[in-house]
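Let the hints inform the model, and build the full structure from the sequences given.
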Amino acid sequence: MNDIEILLEKAKVYFLSQNYNEAEKLFLKILEIEPNNLDALYHLGVLKEVIHDIEGARKYFERVLEIDPENKEARERLDKLAEI
Amino acid sequence: MEFCVIGLGRFGSAIAQTLARKGHEVLAIDRDEGRVQELEDKVSQALVLDATNEKALKSLGLKDFDWVIIAMSQDIEASILSTMLVKEAGAKKVLAKASSDVHAKILKRIGADRVIFPEREMGQKVAESLSSPRIFDYIELSPEYSIVEIVAPKSFQGKTIKQTEARTKYGIHIIAIKRKKPEMENESKVTARDLILVAPDPNEEILQGDLLVILGKIENIEKVKELK
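Going line by line, the protein sequences match chains A and B. By our numbering, the letter at position 48 of the first sequence is numbered 48, and the numbering carries on one by one without gaps. So the mapping is simple: our numbering equals the position in the second sequence, first residue as 1, plus 84.
Do not take every clue at face value.
Simulated pairs of lysine to aspartate or glutamate, EDC-like, Cα-Cα distance not exceeding 20 Å [unchecked claim]:
| id | chain 1 | residue 1 | chain 2 | residue 2 |
| --- | --- | --- | --- | --- |
| 1 | B | K265 | A | E22 |
| 2 | A | K72 | A | E83 |
| 3 | B | K262 | B | E212 |
| 4 | A | K10 | B | E271 |
| 5 | B | K312 | A | E83 |
| 6 | B | K262 | A | D53 |
| 7 | A | K10 | B | E269 |
Just some of the chain A residues that point at chain B, by a computed CB distance under 10 Å [as the list claims (entries may be wrong)]:
| id | residue |
| --- | --- |
| 8 | L7 |
| 9 | F15 |
| 10 | S17 |
| 11 | L47 |
| 12 | H52 |
| 13 | D53 |
The hints are simulated quantities; they were obtained by calculation from the structure and are not laboratory data. Computed from a predicted model, the values in this text were never measured in an experiment. C-beta atoms are modelled at their ideal positions from N, C-alpha and C, and glycine is treated no differently.
Listed below in structure tokens is the structure:
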């Protein structure tokens, strides 16, 4: 496992235990090292959705689609956000 | 339950399909053949029929249905006439869609059990939601009371319902909590599952991101909306 993979796993553990602040910090740290990391961007989108920061969620899913326009999961989540 | 939906425009057809999907018996009626054909496979039975034709309506056995829904409102004359005829044919309960206050008044006078204004109600909800981004849904119960769905204020987060003093200090009732719970979708991705806690326990802790469904006097709800 490289550093990014370790950070990602840690961030997900925080996310799953509903410690959203710590999870966000670690996902953002990944983006400092690798600004286009799709896993971190996607999970930040889901995290923002969970805490009802709809604009924030939209921003991250749009970034995923900029990098990977075929990303089905991000597209579906973004479409769903428009219905809220 | 058994429902009869008369008028298969966007509104009527949405009602008919949703009821059918929920497993109810639905008879869908319109005088336009195209609209009826579109619903044929989606409801129990779809018929081309003019709902202002007394004889035709009487042949349907409307007294066997739990609800008859008069979904057309643009053609006021047809809406009023059909409401009257279905009542006369013995329908137990009639719900009719109105397009104006006068229309609503007439529908009530001739026996509609429920009259609704979908455009107006949706308009109110959208206005509430746009003017206050923390409001997600809104139902007016009376001029004094309403039910709204708001993002839990920061000052409520981390506290139990009891500790928020929602009822004693703010005069509101938290009747449900809507929560998105993170969980693994597959080996590598976290997703959010929708949870709803109806009539939550007073010891339930309010978490960041929770949506609270609150009931109370409008003035009290306004105060809670202002909380940080």
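Now for the hints, and whether the structure bears them out:
no.	hint	result
1	B/K265 with A/E22	16 Å, holds
2	A/K72 with A/E83	17 Å, holds
3	B/K262 with B/E212	19 Å, holds
4	A/K10 with B/E271	14 Å, holds
5	B/K312 with A/E83	26 Å, violated
6	B/K262 with A/D53	15 Å, holds
7	A/K10 with B/E269	17 Å, holds
8	L7	14 Å, violated
9	F15	5 Å, holds
10	S17	9 Å, holds
11	L47	8 Å, holds
12	H52	5 Å, holds
13	D53	8 Å, holds
This entry does not satisfy hints 5, 8, going by the numbered hints stated previously.
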